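> The primary structure of each chain is shown beneath.
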Amino acid sequence: MTFALIRKARQSPLSYEIKKQMHKIVAAIFLAENIKKIEIEAPRIAKKRKAGQFIMLRVNQTGERVPLTIADADPEKGTITIIVQGMGKSTKELNTKEAGDTISDIVGPLGAPSDIENFGTAVSIGGGVGTAIAYPTAVALKKAGNYVITINGARSKDLVILEKEMKAVSDEAYITTDDGSYGFHGFVTQKLQELIDSGKKIDYVLAIGPIPMMRAIAEVTRPYNIKTMVSLNPIMVDGTGMCGGCRVTVNNETKFACVDGPEFDAHQVDFKNLTDRNKLYLPEEKQSAEAFAHKCKLQ
Amino acid sequence: MMTFLPQFFAGMAFFRIITPSFLENNIMCPQHITTKERLAIPRQEMPSQSPDVRNKNFKEVNLGYTPELARKEALRCLQCKDPACIKGCPVNIKIDQFIKFIADGDFLGAARKIKEDNVLPAICGRVCPQEDQCEKACILTKKYTSVAIGNLERFAADHERETGNVELPAVKASTGKKVAVIGSGPAGLSCANDLIQLGHAVTVFEALHELGGVLVYGIPEFRLPKEIVKQEIEGLKQLGVKFITNVLAGRSVTVDELLNEEDFDAVFIGVGAGLPWFMGIPGENLLGVYSANEFLTRVNLMKSYQFPNNDTPVFNCKGKNVAVFGGGNTAMDAVRTAKRLGAEHAYIVYRRSEAEMPARLEEVHHAREEGIEFLMLMNPLEFVGNEQQWLTGAKCLKMELGEPDESGRRRPIPIKDSEFILPIDMAVISIGNGSNPLIKQSTPDIEVSKRDTIVVDLNTMATSKENVYAGGDIVTGGATVILAMGAGRTAAKAIHEKLMGIDTHE
Ligand SMILES: Cc1cc2nc3c(=O)[nH]c(=O)nc-3n(C[C@H](O)[C@H](O)[C@H](O)COP(=O)(O)OP(=O)(O)OC[C@H]3O[C@@H](n4cnc5c(N)ncnc54)[C@H](O)[C@@H]3O)c2cc1C
Ligand SMILES: Cc1cc2nc3c(=O)[nH]c(=O)nc-3n(C[C@H](O)[C@H](O)[C@H](O)COP(=O)(O)OP(=O)(O)OC[C@H]3O[C@@H](n4cnc5c(N)ncnc54)[C@H](O)[C@@H]3O)c2cc1C
Ligand code: SF4
Ligand code: FES
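Note that the protein sequences, when read in sequence, are chains A and B.
For the first sequence, the working numbering assigns the number 1 to the initial residue and increments by one for each residue that follows.
For the second sequence, the working numbering assigns the number 1 to the initial residue and increments by one for each residue that follows.
Hints were generated in silico from the structure; no laboratory data involved.
Please note that the accuracy of each hint is not assured.
[Claimed, not checked] With a straight-line cut-off of 20 Å between C-alpha atoms, the simulated DMTMM-like cross-links for lysine to aspartate or glutamate are: (1) K320/B - E387/B; (2) K47/A - E257/B; (3) K157/A - E33/A; (4) K242/B - E257/B; (5) K48/A - D256/B; (6) K272/A - E261/B; (7) K303/B - E60/B; (8) K50/A - E117/A; (9) K255/A - D452/B; (10) K303/B - E41/A; (11) K48/A - D452/B; (12) K320/B - E284/A; (13) K92/A - D158/A; (14) K48/A - D263/B; (15) K142/A - D74/A.
[Said to hold, decoys possible] Output of the computed footprint for chain B on chain A, the stretches with three or more beta carbons under 8 Å from beta carbons of chain B: (16) 61-68; (17) 208-221.
[Unchecked claim] Far from chain A, by Cβ distances over 12 Å, these chain B residues were calculated: (18) H32; (19) T35; (20) E68; (21) L140; (22) R161; (23) H345; (24) I421; (25) P423; (26) T460.
It should be emphasised that the depicted structure is a prediction, and the values quoted were computed from it without experimental measurement.
Beta carbons: idealized from backbone N, C-alpha and C, even for Gly.
Could you build all of it, start to finish, from the sequences and the hints given here?
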């Protein structure tokens with residue numbers, strides 16, 4: 001009886017308020033086809049994050065934990081910004097979200113921050129949505145006093161993102177398109193080679209984009225011994241160093257990208273192993289994506 | 001009070017009025033039973049799902065004792081005067097007393113007696129290695145079979161919960177002190193439990209989106225239903241413990257920030273041993289090679305066995321050959337999970353012999369019943385794969401047992417030219433866990449050992465940093481639920497004394 005009393009007394013609403021802290025989306029707009037910029041409430045993360053770090057989010061209770069780079073943050077407002085390319089089910093579902101919707105879970109900031117110092121001349125290279133991932137580091141490099149050159153590549157003009165933002169932090173800003181519909185006609189590697197050939201002394205390169213692009217950049221800078229970092233995107237589960245699913249081979253050693261990375265020395269990364277490992281769930285990814293497309297059609 | 005006297009042990013039967021058929025009789029009278037009769041009762045088997053059914057589902061294997069079975073088993077206890085079992089229990093549950101309550105039919109009394117020493121009995125009753133602890137020490141073990149203490153513990157706790165009789169303990173008046181607990185595994189939960197009852201405000205920070213640590217992401221549903229863990233945590237919430245998920249200490253917030261900016265008076269670190277070891281052999285990064293943590297996390301935490309209803313996929317085991325490397329509880333959990341996901345052959349590959357396997361006996365027994373194949377005295381040298389980098393086999397070396405090593409276990413030595421390739425599609429590496437480096441990196445003034453475990457004073461669990469305590473796997477390396485729980489409680493007591501200025505020295 002006394003116990004029953006105690007039980008009632010302790011059932012204050014306070015203990016339930018924490019059941020689930022949902023994260024509200026405060027703004028969401030498409031920057032290009034399939035690439036969405038989403039600003040979400042996450043005050044703790046907004047305060048702590050540094051360039052190069054990421055979050056993992058779960059859209060809802062049955063969702064995957066998806067790693068996404070923190071493109072920007074507003075500590076005062078308590079929000080972070082992510083830029084998401086719809087690749088498969090999880091990212092496409094995320095990109096259906098609008099301002100006012102909520103996200104179930106966000107954890108971060110994860111990963112080691114980018115190594116920022118005044119290198120001298122730093123080139124930030126982004127391919128596709130990699131531009132968004134490179135952006136916060138480009139900002140930090142500029143702040144640290146570097147002469148910042150940005151090269152951002154896209155397949156065509158309508159897929160170019162963050163042009164204005166990149167220009168604002170760059171001493172020189174270049175855009176390349178595969179089809180020549182805008183800026184330099186060709187690949188980011190060609191533009192980088194051109195800069196090197198023009199005799200510009202480059203001290204540091206950060207390259208983020210599809211694996212073949214990062215691999216190609218590593219080969220461009222290798223003969224010149226230019227310090228080159230890439231941000232790797234292995235498949236992750238927890239993002240806390242607990243599962244080892246994100247392991248990558250760097251300098252013949254196994255590293256966990258979620259705690260030791262995601263940035264690594266491009267000249268030491270085993271890109272082939274990364275490419276192979278990212279194919280682990282191709283059939284399942286296809287199955288999920290098709291089911292999701294079907295569901296969308298029905299709605 | 002009718003307590004049992006050790007006279008019984010000496011074979012004195014004052015009140016013997018029971019017929020020889022009392023064993024078949026459900027209504028047994030604990031007062032009127034002789035030692036001889038107690039000894040004649042066989043250990044009561046735990047009812048379970050039949051092996052061929054359960055190896056295809058994720059429902060709990062053991063079904064639990066009925067009240068009749070529980071009382072019958074409880075009657076086997078001799079009610080020793082100086083019970084050896086209690087000394088074998090890491091938290092010294094008053095085993096003889098709770099078993100007597102069960103024998104007397106007072107199941108709630110039994111549950112409450114256990115809870116004086118163990119805050120998570122429904123969990124411990126299921127996962128403790130009893131055969132190495134209380135049941136090993138039980139006086140009956142030598143000549144007969146030990147009392148099924150674990151099964152009885154589980155019964156009492158389940159009975160209390162299932163009949164809706166879980167009582168929330170009283171909480172002392174607020175002390176105005178704030179304590180942060182990092183990690184929601186058994187160490188963190190038990191520390192939070194004791195501190196909140198002592199009147200401190202407690203906030204638990206958990207890195208993952210679910211609470212419970214290994215109890216939810218590691219140990220599978222078929223061995224420990226998640227609903228039980230959830231209810232324990234719900235109880236703590238009702239006591240007023242505040243839980244914040246998705247906070248990775250060391251990244252989202254540091255220990256120093258908790259102490260200095262968020263005004264916590266003390267911090268308890270119970271982050272577990274969460275860094276999976278790999279074997280360092282060639283081919284470990286082939287497609288299809290997993291750590292046990294990853295495989296189990298995908299299946300348990302992310303519920304990938306319900307893919308595509310849950311979005312997270314896992315290796316499709318259907319009709320495949322799966323080998324799990326290791327011999328602990330984690331290995332058993334992984335291999336039985338693979339079997340349930342449809343593996344054609346599911347192997348345990350272990351480099352010593354079965355006698356040396358650290359897994360709970362019951363799990364090994366269950367695994368065997370479920371059709372798990374045990375390949376003992378076998379050491380993997382290399383993983384081999386096809387052109388697309390998918391795993392196709394493990395090159396293994398056969399071993400034989402040599403002389404005992406420092407730990408007393410006979411050392412396995414390789415048999416020359418015994419290499420062969422075991423054809424497998426998936427490999428799960430389950431050779432143990434190290435410490436996650438995040439706390440160490442972000443709080444360099446906490447002393448750690450060479451193995452990166454946190455160094456503490458074992459009497460108080462105090463670390464080298466003022467007002468920071470640690471316990472569980474982060475201190476011991478991968479150990480057990482009950483040890484983690486005990487450490488959390490030791491720390492809670494010490495934190496309380498420190499915060500309240502209670503002097504424990506005379
Ligand atoms: C540290 C890090 C930062 C990232 N930052 C961004 C970002 O800012 N913006 C952005 O659009 N994308 C980012 N990604 C990639 C993004 O996480 C994946 O595109 C996403 O998880 C794919 O999930 P999906 O279900 O939509 O597609 P799926 O159908 O699962 O997969 C589509 C493709 O994405 C790859 N992929 C699948 N799961 C993962 C995973 N968990 N992690 C990485 N790749 C995966 C697969 O190899 C596959 O080729 C980042 C990845 C990492 C590791
Ligand atoms: C598969 C498996 C089966 C097992 N079976 C048994 C068994 O049958 N019997 C038995 O007695 N023992 C068993 N064990 C061992 C037992 O589970 C552990 O000894 C016990 O859980 C340790 O408790 P803990 O509280 O120290 O850590 P954990 O249970 O590991 O909990 C630590 C928690 O802290 C969180 N965390 C980690 N880092 C941070 C951070 N930086 N910030 C915030 N949170 C963080 C983690 O996410 C986790 O939730 C098993 C272990 C495994 C992996
Ligand atoms: S040692 Fe065995 S018989 Fe003795 S009190 Fe403990 S459980 Fe009962
Ligand atoms: S994602 Fe699990 S360890 Fe990196």
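> Just pull the numbers of the violated hints for me, sorted ascending.
6, 10, 11 and 17
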